[in-house]
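Visitor: Now for the letters of each chain:
Protein chains: 2
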Amino acid sequence: MDPIRIAIVGVGKIARDQHIPAINGNSAFSLAATVSPHHHGPEGIPHFASLEDLIENGPAVDAVALCTPPQVRYDLAALALAKGMHVFLEKPPGATLAEVAALESRANKVGATLFASWHSRFAAGVAPARAWLAERTVKSAKIIWREDVRVWHPGQAWIWEPGGLGVFDPGINALSIATHILPRPFFLRTATLEIPANRAAPIAADIEFRDTAGATIHMDLDWRQTGPQSWDIIVETDAGTLKLSQGGAVLTLPTGTEHNEDMEYPGLYARFANLIRGGRSDADIAPLRLVADAFLRGNRQTVEAFHD
Amino acid sequence: MDPIRIAIVGVGKIARDQHIPAINGNSAFSLAATVSPHHHGPEGIPHFASLEDLIENGPAVDAVALCTPPQVRYDLAALALAKGMHVFLEKPPGATLAEVAALESRANKVGATLFASWHSRFAAGVAPARAWLAERTVKSAKIIWREDVRVWHPGQAWIWEPGGLGVFDPGINALSIATHILPRPFFLRTATLEIPANRAAPIAADIEFRDTAGATIHMDLDWRQTGPQSWDIIVETDAGTLKLSQGGAVLTLPTGTEHNEDMEYPGLYARFANLIRGGRSDADIAPLRLVADAFLRGNRQTVEAFHD
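Protein sequences, first through last, are from chains A and B. Each residue of the first sequence is one higher than the last, beginning at 1 in this note's numbering. Each residue of the second sequence is one higher than the last, beginning at 1 in this note's numbering.
Please note: incorrect hints may appear among the correct ones.
As the list claims (entries may be wrong) - No farther apart than 27 Å at their CA atoms in a straight line, the calculated lysine-lysine pairs in the DSS-like style are these:
(1) K83(A) / K109(A)
(2) K142(B) / K13(B)
(3) K83(B) / K109(B)
(4) K13(B) / K109(A)
(5) K83(A) / K109(B)
(6) K91(A) / K109(A)
(7) K13(A) / K91(A)
(8) K13(A) / K109(A)
(9) K139(A) / K139(B)
(10) K139(B) / K243(B)
(11) K139(A) / K109(B)
(12) K91(B) / K109(B)
What the hints assert, rightly or not - Covered stretches of chain A (in silico footprint by chain B; criterion: 3 or more residues with CB under 8 Å from a CB of chain B, positions within the stretch not fixed):
(13) 30 to 37
(14) 144 to 157
(15) 176 to 190
Claimed, not checked - The calculated label-pair distances, taken between Cβ atoms and stated as ranges, are:
(16) A200(B) / N198(A): 13 to 21 Å
(17) G214(B) / E208(A): 27 to 35 Å
(18) G155(B) / G278(A): 52 to 60 Å
(19) S230(B) / N57(A): 37 to 45 Å
(20) P183(A) / A60(B): 27 to 35 Å
(21) G278(A) / R150(B): 24 to 32 Å
(22) D53(B) / E161(A): 49 to 57 Å
(23) N198(A) / V303(B): 15 to 23 Å
(24) V303(B) / H40(A): 44 to 52 Å
(25) D53(B) / Q71(A): 29 to 37 Å
Keep in mind that the hints were calculated from the coordinates and are not lab data. For every residue, glycine included, the Cβ atom is placed at its ideal position computed from N, Cα and C.
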């Protein structure tokens with residue numbers, strides 16, 4: 001089979017660190033072009049200032065990976081789908097739920113693949129965690145995602161603006177894992193969002209979810225964590241405790257701990273190739289829907305101003 | 001065919017004014033019981049303090065209509081579905097999007113009907129508006145929903161609490177019509193929510209949506225309107241202007257104005273009976289999804305405190 005000719009749109013840090021190496025490492029793809037008004041891609045790969053420019057003047061491409069901020073992703077995705085291209089969306093898949101639903105329906109109409117990617121679902125411990133939990137009864141779960149925003153998002157003003165997700169930017173990774181590994185759907189019961197006095201988005205959140213069998217899932221998100229950072233999901237079951245730590249990389253079961261190699265972006269691109277070859281889409285919005293529910297239902301508290 | 005034996009759960013104003021007369025007026029249904037810890041239903045109809053009590057001690061019922069506030073609706077719906085009953089949800093269908101999705105999936109599993117009702121979609125002008133627009137190209141639309149909260153929601157503190165929708169409580173009716181009559185999907189681009197200094201929910205909102213062909217849909221919601229009230233949707237098309245006014249009751253087309261009889265709740269119950277007879281569900285969450293997107297993305301402004 002000929003490789004899928006793919007263009008990267010948005011050549012920022014995530015594209016350079018993750019997407020380009022994953023594409024280069026997967027023979028199902030060939031990197032056909034890069035698109036960005038700001039940054040060039042790798043030497044020798046045709047580069048365009050805009051997707052329109054690529055479409056008019058560039059080489060033929062079968063697919064695009066959209067690595068731009070979510071606010072501008074809809075227009076790019078709609079244009080690519082209108083040209084029959086397959087679309088890989090970085091997380092979160094859009095700025096709103098309704099635009100992702102519109103893209104999914106458009107993709108189905110034109111017969112193209114839309115892939116809403118959630119990279120944390122491809123962390124090493126996630127697939128075995130899901131398999132283990134599928135045969136257990138979940139009694140309760142805790143999600144503890146506490147990191148230092150000054151380390152991970154230094155000076156990123158947009159993340160605090162309306163439409164930026166604040167602490168849900170990392171928190172949505174936790175939700176993408178939890179919605180994938182927990183065997184029953186869950187939904188929000190109560191939420192408190194802590195908003196710095198000088199910002200629009202939360203710096204911390206305390207959420208209680210419940211699954212359809214009544215089990216409680218508690219989520220503790222905090223961007224003010226100095227010292228050791230926590231990206232842990234702990235699930236109590238009828239067969240003992242499961243712990244996923246380091247953002248899904250390390251899995252501890254009652255039988256011991258597994259450390260496996262990080263395969264997040266290679267895993268995403270393998271999945272994207274499978275979806276394209278199978279003529280299917282995967283636009284699961286469950287993690288973003290839970291975040292929207294938190295904004296819809298949450299109790300907002302104003303806390304100390306945050307300065308970078 | 002035997003009538004569908006239905007119980008009303010939550011015997012408040014909406015149940016007495018709308019649901020009970022609509023059920024009594026439709027021979028497909030028979031009112032089998034009422035449930036409320038607070039209020040009795042009509043004379044001669046068996047009454048129970050809780051749904052559990054009805055299930056244990058009451059007559060057999062095939063369906064329930066949930067007329068309680070949305071915050072407690074999930075548990076009632078899940079219990080009813082677990083017993084194989086069909087479920088009619090007042091609007092909005094739940095307190096969160098995820099819980100409605102969980103109910104829909106449960107209903108499909110047990111083979112029961114779940115109906116997320118949007119009464120404004122059955123206002124007299126809505127069906128002909130939808131039919132007329134299906135053959136036109138929409139250039140732009142305006143939704144103007146301005147009413148006096150002191151008249152329509154006097155002293156209803158819960159509507160201002162976190163999880164109460166504020167001005168989106170009436171605004172979601174407008175969105176239920178717009179998502180039904182406009183031929184293309186639309187999604188939020190920008191939103192400003194005005195929150196009174198002493199409340200948690202918006203008293204006004206200014207939203208710009210865009211449809212998938214690029215047409216702008218502007219929504220103006222305000223709960224501070226004294227004097228004449230506005231519940232209007234105006235759509236500019238290639239064949240002239242459509243105006244739905246009085247919440248969908250009155251339709252004005254380039255050819256003239258139609259006044260028809262209000263059939264909202266009779267229309268809802270006719271639809272519910274059809275869904276049950278056809279073994280189908282209708283749990284469209286598009287209106288609530290747009291509201292969640294507004295809370296997720298909206299720019300919040302603090303405005304003057306509101307006192308009843």
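Visitor: State for each hint whether it applies.
Guide: Do the hints match the structure? See the list:
About 12 Å separates the Cα atoms of K83(A) and K109(A), which keeps this hinted pair within 27 Å; it holds. With a C-alpha separation of about 31 Å, the suggested pair K142(B) and K13(B) falls outside the 27 Å cut-off, and the hint is violated. A distance of roughly 12 Å separates the Cα atoms of K83(B) and K109(B); the hinted pair therefore holds under the 27 Å criterion. With a C-alpha separation of about 44 Å, the suggested pair K13(B) and K109(A) falls outside the 27 Å cut-off, and the hint is violated.
Of the supplied pair hints, the one linking K83(A) and K109(B) is violated, its CA atoms being roughly 38 Å apart against a limit of 27 Å. Between K91(A) and K109(A) the alpha-carbon distance is near 23 Å, which keeps this suggested pair within the 27 Å criterion. With a C-alpha separation of about 14 Å, the suggested pairing of K13(A) with K91(A) holds against the 27 Å cut-off. For the proposed pair K13(A) and K109(A), the alpha carbon gap of about 33 Å is over 27 Å, so the pair is violated.
Restraint check for K139(A) and K139(B): the C-alpha separation of about 53 Å exceeds 27 Å, so the hint is violated. A threshold of 27 Å between alpha carbons decides the hint, and for K139(B) with K243(B) the separation of about 14 Å falls inside it, so the pair holds. For the suggested pair K139(A) and K109(B), the alpha carbons sit about 23 Å apart, so the restraint of at most 27 Å is met. In summary, the hint linking K91(B) to K109(B) is supported, as the alpha carbons are separated by about 23 Å, within the 27 Å threshold.
A stretch counts as covered by a chain when three or more of its residues have a beta carbon under 8 Å from one of that chain; for the segment 30 to 37 of chain A and chain B the count is 0, and the coverage is violated. Check result for the segment 144 to 157 of chain A against chain B: violated, 0 residues qualifying (beta carbon to beta carbon below 8 Å, three or more required). Coverage of the segment 176 to 190 of chain A by chain B holds. Counting CB-CB distances below 8 Å, 4 residues qualify, and the rule asks for three or more. Between A200(B) and N198(A) the Cβ separation comes to about 20 Å, which falls inside the hinted range of 13 to 21 Å.
Distance hint for G214(B) and E208(A): a CB-CB separation of about 41 Å, inconsistent with the stated range 27 to 35 Å. Between G155(B) and G278(A) the C-beta distance comes to about 57 Å, which sits within the given range of 52 to 60 Å. Checking the proposed 37 to 45 Å range against S230(B) and N57(A) shows it is violated: the Cβ atoms sit about 50 Å from each other. For P183(A) and A60(B), the hinted distance range of 27 to 35 Å is satisfied, since their beta carbons lie about 33 Å from each other.
Range check, G278(A) to R150(B): Cβ separation about 57 Å, and the 24 to 32 Å hint is violated. The supplied range of 49 to 57 Å is met by D53(B) and E161(A), whose beta-carbon atoms lie about 50 Å from each other. Distance hint check: the CB atoms of N198(A) and V303(B) are about 19 Å apart, consistent with the given range 15 to 23 Å. For the pair V303(B) and H40(A), the beta carbons lie near 47 Å from each other, so the given range of 44 to 52 Å is met.
Checked against the hint of 29 to 37 Å, the pair D53(B) and Q71(A) fails, with Cβ atoms roughly 51 Å apart.
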